[in-house]
Amino acid sequence: GQSLEQPSEVTAVEGAIVQINCTYQTSGFYGLSWYQQHDGGAPTFLSYNALDGLEETGRFSSFLSRSDSYGYLLLQELQMKDSASYFCAVNSGYSTLTFGKGTMLLVSP
Amino acid sequence: DAGVTQSPTHLIKTRGQQVTLRCSPISGHKSVSWYQQVLGQGPQFIFQYYEKEERGRGNFPDRFSARQFPNYSSELNVNALLLGDSALYLCASSLVRSSGGASDTQYFGPGTRLTVL
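Sequence lines, in order, name chains H and D.
Quick note on the working numbering: the first sequence kicks off at 1 and runs consecutively.
Quick note on the working numbering: the second sequence kicks off at 1 and runs consecutively.
A couple of the hints might just be wrong.
Per the computed footprint, the stretches of chain D lying under chain H, defined by three or more beta-carbons under 8 Å from a beta-carbon of chain H, are [what the hints assert, rightly or not]: (1) 35–48; (2) 104–115.
Here are some, though not all, of the chain H residues that point toward chain D, as calculated from beta-carbon distances under 7 Å [said to hold, decoys possible]: (3) Tyr48; (4) Thr96; (5) Lys101.
What the hints contain is simulated information worked out from the structure, not anything from laboratory work.
Here the structure is a predicted model, which means the values were calculated and not measured.
Every residue, glycine too, gets a C-beta built ideally from N, C-alpha and C.
Generate coordinates for the entire structure from the input sequences, incorporating the hints supplied.
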């Protein structure tokens, strides 16, 4: 089977840095994706790691360690609009994504 | 460029009825996948279609079916609706079927909110 674990909720203040961890167990692995979803909205693609290391996209960075089956999403200079749910998802081939249950990020003033 | 579009945005049905949801992928994308997202959970994979053929199926009953048309748009059908089918149904498109690279990135539409009474 496939499973992903991520914290259910994280809180932080504006301007801070927050890290959302994700560990996974899958039968097939091409890469790890991160998506942001605001209440009732569409999941929006943030980042993708196929190889070990850090990928940086503006205020967001994502890290992958394939040997540890572990990744994280790092959000810097937090803004109120970053309050949302964040999902890690394993790409197990054939454009199939297996999602975690999501981490709700609450950013306060 | 237009993103993934889905219709309708909201739908209310009663138990036992049938429903058809529609999706248009990003222009140039040939792969369409369907996901079900119940409240408080991550999206769960239902189907993947590539070049009009089913290429992947998740752990869903045969009441769920789909197809992809020559213009790469897709429909998801659910028969004999149950209360538990109430969810947000998401369609995602990607450029390729499977490369393991960035071109495999899936882009989601706004979803169809299905309520079964």
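| query | Any hints this thing doesn't respect? Which numbers, in order? | reply | Every hint satisfied by this model.
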